[in-house]
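2 protein chains.
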Amino acid sequence: MIERIAILGTGLLGTSVGLALRAAGFKGSIMGWNRGADGARAALAMGAIDSIATDPLQAAREAQVVLLAVPIYATLDFMEQLSGVLGSEHLVTDVGSTKGQISALGSRLFNTPERAAFLPGHPMAGKERGGATLADAGLFKGAVWLFTDDPDAQRSPHSAELVKGWREWVAAMGSKTLDLEPARHDELVAWVSHLPQFVATALSALLEDEVGDAPELKDVGGRALKEMTRLGASPYSMWRDIALTNTEAVQAALHALEQRLAHLRENLRTPELRDEFEQANRFRRE
Amino acid sequence: MIERIAILGTGLLGTSVGLALRAAGFKGSIMGWNRGADGARAALAMGAIDSIATDPLQAAREAQVVLLAVPIYATLDFMEQLSGVLGSEHLVTDVGSTKGQISALGSRLFNTPERAAFLPGHPMAGKERGGATLADAGLFKGAVWLFTDDPDAQRSPHSAELVKGWREWVAAMGSKTLDLEPARHDELVAWVSHLPQFVATALSALLEDEVGDAPELKDVGGRALKEMTRLGASPYSMWRDIALTNTEAVQAALHALEQRLAHLRENLRTPELRDEFEQANRFRRE
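Taken in order, these protein sequences are the chains called A and B. For the first sequence, the working numbering assigns the number 126 to the initial residue and increments by one for each residue that follows. For the second sequence, the working numbering assigns the number 126 to the initial residue and increments by one for each residue that follows.
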C-alpha cells in the first residue's frame with residue numbers, strides 16, 4: 126500500500142531507515158533529502174534512497190509517507206512548512222527524541238479529515254556518532270520504537286491506512302512498538318536514555334580533566350571504563366535540542382542521581398552500601 | 126625457573142591466572158586452594174590448577190610463587206600468616222584492587238634478605254560477576270597489570286629472580302605492566318575504576334526505583350542503558366573491601382562527579398553545555 130516514501134534528513138537514522146526498509150523487502154521508491162549534500166550522496170551510494178531531492182517540500186508532496194529524521198527544532202520547522210502543502214493523502218512521521226512539543230504541534234497542524242496524518246515516533250536506537258556513513262540496516266532490530274499518537278486524531282480513511290501501514294513497516298524492520306502519552310514518554314526517556322547520556326558526558330569530561338593528559342592511564346580502566354564513557358563521544362549537536370525540549374525531566378533525573386551519589390559517598394563504610402549494591406543488582410537481575 | 130605456583134583463592138581472577146599461565150606455556154605445577162570447595166573443584170575441572178590443597182600454608186611452603194587472589198582483607202590476613210612460614214626461596218604476590226594497605230604491610234613483613242619477597246600487583250581485568258566458572262584464559266590479554274613495588278626492598282638473589290620471573294609470566298599472559306607508587310595507584314584507580322563502578326551502582330539502584338517494576342520500560346533504553354548499568358550487577362562482596370580501603374580517594378572522586386552533574390544540570394539551556402560535551406569528546410578522541 127505504501128509505495129512512495131520521502132526521508133527528510135539522511136543522517137544516521139534516516140539512512141538506516143532506508144536500508145532497513147530495503148532489507149525488509151520494501152520495493153517502492155525512497156526519495157531522500159539532506160541539508161548537506163555529502164549525507165544525501167552517501168545515502169544514495171549505500172542504496173538507502175534511490176533519488177536525491179533538491180526541494181524537500183516537493184519530495185514530500187510526491188510521497189505518501191514523509192519521515193522527518195532531522196534534529197528536533199528542524200522537525201518542528203518542517204512540520205509548519207509541510208502542514209501548508211500536504212493533504213489527507215499523506216502521512217508525516219518523525220524520529221525525534223523528545224515528544225512533548227512535537228506531539229502538541231502535530232495535533233494542532235495535522236490529524237483532521239482534510240489534513241495529513243501526523244504520527245509522532247521515536248526509535249530507541251542510535252550510535253554515539255551520527256552520519257549516513259555509519260548507517261546500518263540492522264539498527265532497529267530488537268529495538269523499541271515508541272509512538273505517542275494523538276487519541277483524538279480525526280483522520281481520513283486513506284491517511285489512517287497509511288498510519289497502519291507505517292506501523293507494519295516498523296515491525297518489519299525488527300522493532301517492537303510501544304505506545305505512550307507524550308508527557309510519559311518524555312519522563313521515561315529522561316530516566317532511561319537522557320540520564321545515561323548526561324552521566325557519560327559528565328564522567329568523561331571529569332576524567333579528561335583528571336587523567337586526560339596521560340593516555341597510558343586511560344588504558345588502566347579497561348573495558349568497564351570504555352563502556353561507561355563510550356557515550357562521551359556523542360556530539361553536542363545531537364543533544365542540544367533534547368536538553369532544550371526536555372529540560373525539566375532531565376533536571377529532575379540528574380538531581381536524583383546527584384543525591385544518590387552523595388548517599389553512596391556518605392555510606393562507603395556503612396551497611397547502607399550493601400543495600401545500594403543489592404538494589405542495583407535487582408535492576409540487572411536476569 | 127618458576128616451577129611451582131600456589132594460587133590461594135580460585136575465584137574469577139585466580140582461576141583465570143591458572144588458565145592464562147597454561148595457555149602461555151607454563152609447564153610446572155599449579156596448586157590451588159579456595160575457601161569454598163566448589164570453586165576449587167571447578168578450577169581443577171577447568172585445568173586451571175592440577176591439585177587442590179586443603180592447607181593453604183602448606184601449599185604456599187611447597188610453592189615458589191604464592192598468588193593471593195582473595196578479597197583485600199583476606200589478602201592482609203594471609204600475608205600475616207605467610208610471613209611466619211615462608212623464607213627467601215619464596216615470592217608472594219597478589220591481585221588486590223587497592224594497594225596502600227597491602228603495600229605497607231608487604232614492606233613491613235617481607236622484602237628482607239632472609240624473608241620472602243612480596244610484589245604487590247593488580248591486574249586491571251575482571252567481570253561484573255565473580256567465580257571460577259566465569260574464568261577465562263584470555264582475561265588478561267591487552268589489560269594493564271599494575272605493580273606497586275617497594276623501591277627499598279632488600280631481597281635475596283633467589284627471591285629477586287622470582288620477582289623477575291613472575292613479571293615475565295605476567296607479560297606472557299598478554300598484559301602490559303605499569304609501575305606506580307601505592308598512593309598514586311589508589312588515587313588513579315579511584316578515578317578510572319572505582320568511580321565508574323559506583324556510578325553504575327548508583328544509576329542502576331536509582332533506575333530500579335524509578336522503572337524497575339515495568340520490565341518493558343527497561344528495554345526502551347537499549348544498548349546504551351545496558352552498557353551504563355552492566356556494572357550494576359557487581360556484588361557488594363566484591364566491592365566492600367575496596368570501599369573500606371580506598372575511602373578518601375573514592376569520596377573525592379564521587380564528590381567531584383556530583384559537582385560536575387550539578388553544573389551540567391544548571392546549564393542544560395546555556396552554552397556551557399557545549400563546553401562539557403566538547404571536553405567529554407576529548408576524552409574519547411581516537
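Just to be clear, a hint being listed does not mean it is correct.
A pair counts as met if it fits within one copy or between any two copies, since identical chains are not told apart.
[As the list claims (entries may be wrong)] Pairs of lysine-lysine residues, derived as DSSO-like cross-links and limited to a Cα-Cα distance of at most 27 Å, are as follows:
1. K301 with K343
2. K351 with K289
3. K301 with K289
4. K152 with K351
5. K152 with K343
Bear in mind the hints are in silico, worked out from the structure with no lab data behind them.
Tell me, which hint numbers fail for this structure?
2, 4, 5
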